[in-house]
Amino acid sequence: MALPPLLRRLPMLARSTRSFATSALLLSKPLPPRRVILDSEIIEKFLHGSGPGGQKINKTSSAVQLKHLPTGIVVKYQDTRSRSLNRKRARQILGEKIEELELGENARTRVKAREKSKKKGSADKKKRRKYRALAEGKEGVEAEEDVEDGVGEGSEPAAVEVETGQSKVQDWKSEG
Amino acid sequence: MPRISTSALRKAYAVDALLPRLLPPCRDLRAAQNELRWLREHADHVADARRAQGDTVSKSALLRDLVKQRASGKPLQYLLGTEFFGDLEIRCRPGVLIPRQDTAASVQHLARLVRKAQNLPSELRVLDLCTGTGCIPLLFHHELYAARADVELRALGIDISGKALQLAGHNHSRLRGDKTLADKGSIHYMQADVLANPFADATRGRGRIAVSTALRHARLPHIWDILISNPPYISPSGYWKTTTRSVRGFEPKLALVPPPTAGNSGIAQGDRFYPPILDIASEVEAKIVLLEVADLGQALRVARAAQALRMFDGIEIWREQPNEPDSPSSEVAGFRVLGEGNARSVICWRGTGAAWLGKSERAPAYEDVAFPDVSHRARFRTGPVSVVHQGEALRPYWVKHLNEEQKAVKHNVWRDMETNAARERGHSGAPEKQELDTTVAHAEVLPKVPKKRGL
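Order-wise, the sequence lines are chains A and B.
So that you can map any letter, position 85 of the first sequence is 85 in the numbering used here, and since no number is skipped, the others follow by simple counting.
So that you can map any letter, position 61 of the second sequence is 237 in the numbering used here, and since no number is skipped, the others follow by simple counting.
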């Protein structure tokens with residue numbers, strides 16, 4: 001993929017300057033740039049029903065509904081009490097949805113989700129390995145106690161090595 | 177109002193046991209869920225704060241109490257203590273009207289138009305009548321300084337209620353304290369009565385000090401560039417028919433319905449604040465006037481009244497959402513109506529105000545006709561605007577620059593108002609005479625003003 005010159009230089013910049021936020025650099029692939037939504041592309045509505053307004057009622061809902069005209073995607077957001085916050089959040093969500101539609105698997109949300117599931121997968125693997133090792137270690141310890149009677153003190157590593165399956169524990173230890 | 181159906185109550189109960197109680201004030205499951213979430217967050221917050229002080233409070237008991245109060249119709253904003261007004265979180269207390277989002281939309285739109293203007297004076301003065309929580313000057317300040325740094329804003333909020341002023345001061349210091357408001361410009365609040373006659377004896381009624389008198393006593397300027405007001409505008413019948421239970425039962429009537437006067441009832445009572453506000457606008461020589469109204473009918477009445485004063489170069493009506501870039505505009509009874517939703521405010525401008533709103537294309541046609549001999553109005557035309565406030569020290573505030581013809585028009589329009597005021601005072605005609613006398617006494621001062629400035 002041909003990147004514009006400025007973007008191509010970014011990783012170098014990141015290396016040369018001290019970065020305090022490391023999470024962005026840990027992503028294996030750079031995220032695509034955020035989708036810019038023009039105000040002319042959307043219709044924004046503040047939903048407050050019909051009837052009198054102003055001083056006559058005090059609304060607690062500050063729901064915002066955005067409709068993206070080219071794609072027809074509608075986003076409604078009303079989780080906060082602040083209309084400006086709702087507008088901001090609704091725009092973010094709309095941007096993500098449009099991107100998913102346009103870029104498919106390369107969209108920011110998909111890339112992030114994939115990265116997350118990958119991380120979770122490896123964490124799960126690690127977890128499984130750890131508990132398996134612990135379970136086996138318990139058996140190993142029991143076995144060790146049997147062995148310890150025969151072998152002298154301070155020869156624990158040797159004892160570990162003696163047992164089959166203990167190499168896995170060692171792997172895990174050196175990793176951690 | 178229709179009864180909540182059993183199935184809706186059951187559905188709500190399945191989600192949360194407290195939810196059915198919130199359905200009557202919210203009318204809608206989704207809204208009730210949101211309110212319950214906010215109440216729960218609030219209860220958690222309060223309970224944590226009290227526990228930190230060594231109190232023992234049960235979160236669930238606190239939440240149950242809040243839900244009970246909300247079910248009785250108490251506004252959510254009074255329970256949570258704040259309401260969002262634009263980007264600002266404004267503190268609310270019982271006894272002071274809760275700021276409305278429609279008001280925020282109008283004020284935000286106005287501030288965003290004004291901050292784009294090229295020829296703003298070095299000190300921009302904004303006067304807000306019936307300020308309540310003080311939200312309008314605060315939001316105007318916030319919006320202006322979000323984009324401009326070269327203008328010094330001087331805002332003044334006026335209210336009759338001491339409770340409101342106390343809360344407004346609290347809101348101001350709170351937003352300044354947490355750095356939400358830029359450390360520029362000044363905002364002040366002052367007590368005065370918009371309805372009080374400046375020519376009446378101020379010692380007779382307690383707390384009935386007219387705005388112009390209060391400005392003079394406080395040694396504040398008597399020329400203000402922008403006048404904004406969200407006065408009480410609901411008629412007594414509208415109060416019983418159109419307001420919701422939580423408004424009627426919990427918000428102050430003082431902020432909703434204008435006080436009655438003899439022979440002035442129904443719609444006229446609902447409109448009672450607009451004539452004196454327009455009078456103040458002419459006194460302070462406001463270049464832009466923004467008035468909130470209840471609906472299109474009232475908007476048209478106010479717009480016609482403003483037109484009859486022959487003071488403004490343009491009058492427009494804004495709906496609830498005037499800020500849409502390509503919002504539909506229509507023409508109703510000769511006035512342009514902008515935006516979507518209910519008609520919410522009337523905006524009038526004159527002189528440089530047109531340029532501040534980005535409406536400079538219209539030539540001030542009637543100025544030369546209606547004000548042939550009043551040369552100090554020349555300063556409202558184009559030119560460097562930093563000189564705008566220079567002449568005011570020379571000219572007493574009560575000098576009206578209306579000629580006799582206009583005075584006649586004005587008094588026709590507000591005849592009711594004047595006669596009622598006269599009836600109240602018990603002697604008619606005296607204030608008018610006084611007003612004329614002062615005009616004569618200071619007539620020679622006027623022509624000199626523009627010459628001194630070399631315009």
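The set of hints was computed from the structure by calculation and includes no laboratory data.
Treat the hints with caution; some may be incorrect.
Distance ranges between label pairs, derived from CB positions [to be verified]:
#1 47/A / 394/B: 23 to 31 Å
#2 247/B / 39/A: 49 to 57 Å
#3 32/A / 322/B: 27 to 35 Å
#4 180/B / 69/A: 31 to 39 Å
#5 362/B / 39/A: 32 to 40 Å
#6 221/B / 34/A: 54 to 62 Å
#7 118/A / 356/B: 34 to 42 Å
#8 93/A / 425/B: 20 to 28 Å
#9 47/A / 356/B: 23 to 31 Å
#10 39/A / 225/B: 37 to 45 Å
#11 131/A / 221/B: 45 to 53 Å
#12 43/A / 180/B: 53 to 61 Å
#13 180/B / 120/A: 22 to 30 Å
Built from N, CA and C at the ideal position, the CB exists for glycine as well.
Going down the list of hints, with the structure as the test:
no.: 1; hint: 47/A / 394/B: 23 to 31 Å; result: 43 Å, violated
no.: 2; hint: 247/B / 39/A: 49 to 57 Å; result: 40 Å, violated
no.: 3; hint: 32/A / 322/B: 27 to 35 Å; result: 30 Å, holds
no.: 4; hint: 180/B / 69/A: 31 to 39 Å; result: 37 Å, holds
no.: 5; hint: 362/B / 39/A: 32 to 40 Å; result: 34 Å, holds
no.: 6; hint: 221/B / 34/A: 54 to 62 Å; result: 33 Å, violated
no.: 7; hint: 118/A / 356/B: 34 to 42 Å; result: 41 Å, holds
no.: 8; hint: 93/A / 425/B: 20 to 28 Å; result: 37 Å, violated
no.: 9; hint: 47/A / 356/B: 23 to 31 Å; result: 27 Å, holds
no.: 10; hint: 39/A / 225/B: 37 to 45 Å; result: 41 Å, holds
no.: 11; hint: 131/A / 221/B: 45 to 53 Å; result: 39 Å, violated
no.: 12; hint: 43/A / 180/B: 53 to 61 Å; result: 32 Å, violated
no.: 13; hint: 180/B / 120/A: 22 to 30 Å; result: 43 Å, violated
The structure shown violates the earlier hints numbered 1, 2, 6, 8, 11, 12 and 13.
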